[in-house]
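S.K.: One-letter residues, chain by chain:
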Amino acid sequence: MKQSYDITIIGAGAAGLSAALEAYDDTLDILIIEREKNFGGILNQCIHNGFGLHVFKEELTGPEYAQKLIDLVMEKQIDYLLDTTVLNISKDEVFSIKATNITSGEFIIESKSVILTTGCYERARGHVDIPGDRPKGIMTAGSAQRYLNIDGYLVGKKVFILGSGDIGLIMARRMTLEGATVLGVAELMPYSNGLTRNIVQCLNDFDIPLYLSHTIKEVVGKEKLEKVIIQQVDENRQFIENTEKTFEVDTLLLSIGLIPDVKLFESLSIDTDPLTKSALVNQKLETSVKGLYACGNALHVHDLVDDVTIESRKAGKYAKAYVINQKDIDKKQVPIRFDHHIRYVVPQVVDYHLIDEPFDVLFRATQKHDVLKLVIKQGDQVIRKKTLKYVVPAEMQKVQIKPEDLINDLPIEIMVEEV
Amino acid sequence: MYDFTIIGAGIVGSLIARELSKYDLKVCVLEKENDVANVQTRANSAIVHSGHDPKHGTLKARLSVEGNKLYEDLEKELHISLLRTGAFVCAKDKDEVNDMKKLYENALLNQVKDMEFLSIEEARVLEPNLNPSIKKVLSLPTTKVCFPWEVAFFALENAIKNGVELHRNALVTEITHTNHMFTIKTKDNQTYQTKHVINAAGVYTDEIATLINPNIPYQIKPRKGEYYVLDKSVKGYMEHVIYPMPSKKGKGVLITPQVHGNILLGPTSEWVSDKDDISTSLKGLHYIKEHIKDMAINVPYHLIIRQFAGVRSTSTYEDFYIQEDDAVKGFYHVAGVDSPGITAAPAIAKYLVDEVIKLSLPVKHTFNPILQKKIVYKDLSKQEKDELHQDKPLYGRIICKCEDITEQEIIDAIHGPLGSDTIKGVKKRARAGSGLCQGGYCESLVLRIIARETHKPLHEVNYDQKETQILDKESKVGS
Ligand SMILES: Cc1cc2nc3c(=O)[nH]c(=O)nc-3n(C[C@H](O)[C@H](O)[C@H](O)COP(=O)(O)OP(=O)(O)OC[C@H]3O[C@@H](n4cnc5c(N)ncnc54)[C@H](O)[C@@H]3O)c2cc1C
Ligand SMILES: Cc1cc2nc3c(=O)[nH]c(=O)nc-3n(C[C@H](O)[C@H](O)[C@H](O)COP(=O)(O)OP(=O)(O)OC[C@H]3O[C@@H](n4cnc5c(N)ncnc54)[C@H](O)[C@@H]3O)c2cc1C
Chain A
13 MKQSYDITII GAGAAGLSAA LEAYDDTLDI LIIEREKNFG GILNQCIHNG
63 FGLHVFKEEL TGPEYAQKLI DLVMEKQIDY LLDTTVLNIS KDEVFSIKAT
113 NITSGEFIIE SKSVILTTGC YERARGHVDI PGDRPKGIMT AGSAQRYLNI
163 DGYLVGKKVF ILGSGDIGLI MARRMTLEGA TVLGVAELMP YSNGLTRNIV
213 QCLNDFDIPL YLSHTIKEVV GKEKLEKVII QQVDENRQFI ENTEKTFEVD
263 TLLLSIGLIP DVKLFESLSI DTDPLTKSAL VNQKLETSVK GLYACGNALH
313 VHDLVDDVTI ESRKAGKYAK AYVINQKDID KKQVPIRFDH HIRYVVPQVV
363 DYHLIDEPFD VLFRATQKHD VLKLVIKQGD QVIRKKTLKY VVPAEMQKVQ
413 IKPEDLINDL PIEIMVEEV
Chain B
2 MYDFTIIGAG IVGSLIAREL SKYDLKVCVL EKENDVANVQ TRANSAIVHS
52 GHDPKHGTLK ARLSVEGNKL YEDLEKELHI SLLRTGAFVC AKDKDEVNDM
102 KKLYENALLN QVKDMEFLSI EEARVLEPNL NPSIKKVLSL PTTKVCFPWE
152 VAFFALENAI KNGVELHRNA LVTEITHTNH MFTIKTKDNQ TYQTKHVINA
202 AGVYTDEIAT LINPNIPYQI KPRKGEYYVL DKSVKGYMEH VIYPMPSKKG
252 KGVLITPQVH GNILLGPTSE WVSDKDDIST SLKGLHYIKE HIKDMAINVP
302 YHLIIRQFAG VRSTSTYEDF YIQEDDAVKG FYHVAGVDSP GITAAPAIAK
352 YLVDEVIKLS LPVKHTFNPI LQKKIVYKDL SKQEKDELHQ DKPLYGRIIC
402 KCEDITEQEI IDAIHGPLGS DTIKGVKKRA RAGSGLCQGG YCESLVLRII
452 ARETHKPLHE VNYDQKETQI LDKESKVGS
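Read top to bottom, the protein sequences are chains A and B. According to the numbering used here, the first sequence is numbered sequentially starting from 13. According to the numbering used here, the second sequence is numbered sequentially starting from 2.
What the hints contain is simulated information worked out from the structure, not anything from laboratory work. It is possible that some hints are incorrect.
Result set (DMTMM-like, lysine to aspartate or glutamate): computed pairs, CA atoms no more than 25 angstroms apart in a straight line [said to hold, decoys possible]:
(1) A:K275 x B:D465
(2) A:K414 x A:D319
(3) B:K284 x A:D246
So these bits of chain B aren't anywhere near chain A, every CB distance computed over 12 angstroms [stated by the list, open to error]:
(4) L60
(5) Y105
(6) K114
(7) M116
(8) I121
(9) T174
(10) K294
(11) K351
No residue lacks a Cβ here, since even glycine has one placed at the ideal position from N, Cα and C.
Required output: the full structure, derived from the provided sequences and hints.
M.R.: Structure (structure tokens):
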């Protein structure tokens, strides 16, 4: 192992592996650092089907998808460190990456460029204020998934789920198949936050009720969870009287959102986006720190692994170009603006000096729309229109912008035409 | 036969045990929980108050000021963490400015040192996030913040090393007194015989006392306080402890920096009927926000990572009740130790032993007041880290990614005289799971390490109390 690399990739989930493959070039030194003893990241605990239709043109399980990427990385003989945690990153001339493992203790790796692909973490009870007692038996759906799919244990027999995020839906089916009873799923919003296919295949097919516009009023149980009381809420998220329902359960799984894990940004002064809770990037997925790229769930939360791979390949490609060309181009960054129909966009800024090919703007809607008519403008001028069908907040959308679409140096605005 | 049996291993019982371990006595501590420091000492603001607000002349006033000073000794001897924050008391209107003068006079009588009045402009130079509409500030430089679990652990660990015995899961249910000897029975069917009993059972002191004497002059009226914890990335938002002016309801809702960089917002103050009611509520958050508003601006509520509640052992006696029982000689009450009980605890222990029990024994020559410093790997220099890692390679592997806690630190928390084999016990000792992701990442890893280190199957590892396994035994997939 060397002490200095051209590109270092932190995290070896779908994003890290995909970025590494694209960044690969036999003239460059590339290193992947991964905290776990295995490659694959979160895919290792997603033993269900439904990955890879886009990228590999076949339906794979999470571990199978990961294995395809791992095999390719092994072929290329890219350097890697497993069972190694990156503690922090700083930047002077080059990046200095402080990491630790059992073999070496703490050590430093220098790198010209860094791609951060550290994934995301799940929101837990403390992040959302679930009132009531504080017993054991309340955990995130992802934790329960790991206990079941990696360690081989169920965490309980009678289960209620808060939040209709995909992990919760998948766990509803998985725990039912393993002999637990799932009494229901409560979702605060009037629509589901999971993919439609998961609502059908994980709830409807197993007769598990989904209570929309409901949330937890109280959890009861001193040492162990005994029951969960839910209640309906109105448009202002206020409880509606006389709508309580009580479920006697030993487990409450939380599937209430994922947040990018950006601990490693702390030691760098970096521009962040409060909406994605991660770095602000330009269309090359470069953060405000030159040579630092972010992609995958560390940049914003993706529902489909295929999208992670597509995005991360770009990060790999641009990091490679950065190291090879490394010439100082002045930045000319303008923001991408959007209206209240849109929750966030990635990239958040466009660098007009770096426009050389089409780029995707990814976004999520704030609400459900059967038809969504987008108007893309620069200043007063409409540069493109696009109509999307059946848009839900749970599913990421994209619009492509081509160099020839751009007519001036003004910020790009994505607006929704009311219908 | 024990010379002394202490009921309760909160901060008070633990420091009393350490005080008694100086002498050639046979001492034991009985604790109903599966771990020490699990009740009031687990859930409070952690402030070592300067002693400004208890009414002059009370035991609370005297022992707070003495206790505050004794924390300096605990820092040297037990290597506890101590954050020298100082505090600002904030008066928000004219009436409160007048009351503040009285508070100052009272604090002077209590012999609180180095106080000064500041204008809000002066205070905001030091704390820019104070609400500019505050009228006057009283600065209390001697206020500090400790980590109460750690104080209790370290005191008890030191006591154990000096010969004290600890029994966990020992819920005292019966005490009888015959021939100058007490017989104590616990729920797990053990019997302890002892010459003296020290009742330091927190919210349960009244119930323990009535086992032996139905006519005690105090009753515990539990009063709950709820809190919000802000992630450590909030560090720097507020460096001082910020108090409103005290009221009948106590010290009020505070902003309190913690030794690990977090900030606590709270507590609320609510009478409850159930002494074990540590539930949290939406009402609580609302109450806290309403009251914080008067003191601070730019409050980073988006950094909330947790809620919790604690129950104060407030008594009808209105002062600490630290006395030998009038009727039953050899039975000592340490009751009504609500706030500032963390502050006063080291002074309570000394007061009880020196002035109430009036022990006049020589300190035993084997007594060692020093506890070796606990290793917090991330705080060490590179050289110290390398030396430790050479010897124990598991210092090189991170388990808790939010707080950078290594596998060896988890192992250290499990073993040792006051180790724990529960998820929460490890969290209390090593902080694994206290950070931003709240254990979402490391809990399953900690569970596996506990199982390996204690030679148990995974499904026998408890969350906290006995019978609170995280994994369901019968449901192992594929077996
Ligand atoms: C539970 C779950 C179920 C899903 N189900 C589906 C599905 O059915 N179909 C589908 O298409 N998609 C699904 N997805 C989405 C998709 O699989 C994920 O978004 C994708 O795998 C994320 O890849 P990633 O590389 O960004 O993150 P991760 O896979 O989380 O990888 C991040 C990696 O970084 C490592 N790391 C983090 N910090 C450090 C550090 N400091 N030092 C070293 N290493 C570090 C981690 O150990 C981890 O291996 C699911 C996602 C989740 C979370
Ligand atoms: C919300 C809140 C905020 C506070 N803030 C502060 C502060 O900032 N500064 C400060 O100085 N003080 C503060 N206090 C007060 C302080 O926490 C207490 O005074 C202190 O913890 C009391 O310690 P203790 O050992 O007496 O009680 P505890 O920690 O409650 O210990 C009593 C022990 O007795 C055990 N026990 C009870 N019954 C039995 C039985 N039958 N058999 C065996 N064992 C038994 C219990 O399990 C418990 O472990 C606060 C308190 C609360 C609740």
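S.K.: Confirm or reject each hint.
M.R.: Hint check:
In summary, the hint linking A:K275 to B:D465 is not supported, as the alpha carbons are separated by about 29 angstroms, beyond the 25 angstroms threshold. Between A:K414 and A:D319 the CA atoms are separated by roughly 20 angstroms; this keeps the pair inside 25 angstroms, and the hint holds. For the suggested pair B:K284 and A:D246, the alpha carbons sit about 18 angstroms apart, so the restraint of at most 25 angstroms is met. Annotated as non-interface, B:L60 keeps its C-beta farther than 12 angstroms from every C-beta of chain A; the closest such distance is 33 angstroms.
Remark: the non-interface label on B:Y105 is consistent with the geometry, its nearest Cβ contact in chain A lying 38 angstroms away (cut-off 12 angstroms). The claim that B:K114 is not at the interface with chain A holds, since no C-beta of that chain comes within 12 angstroms of its own (minimum 38 angstroms). Non-interface status of B:M116 relative to chain A is upheld: no Cβ of that chain comes within 12 angstroms, the nearest being about 36 angstroms off. At the 12 angstroms boundary, the C-beta of B:I121 stays outside the reach of chain A, the nearest C-beta of that chain being 30 angstroms off.
Every CB of chain A lies more than 12 angstroms from the CB of B:T174, the least distance being 18 angstroms, so the non-interface label holds. Every CB of chain A is more than 12 angstroms from the CB of B:K294 (nearest about 18 angstroms), matching its label as outside the interface. Non-interface call for B:K351 relative to chain A: holds, since the shortest CB-CB distance, roughly 34 angstroms, exceeds 12 angstroms.
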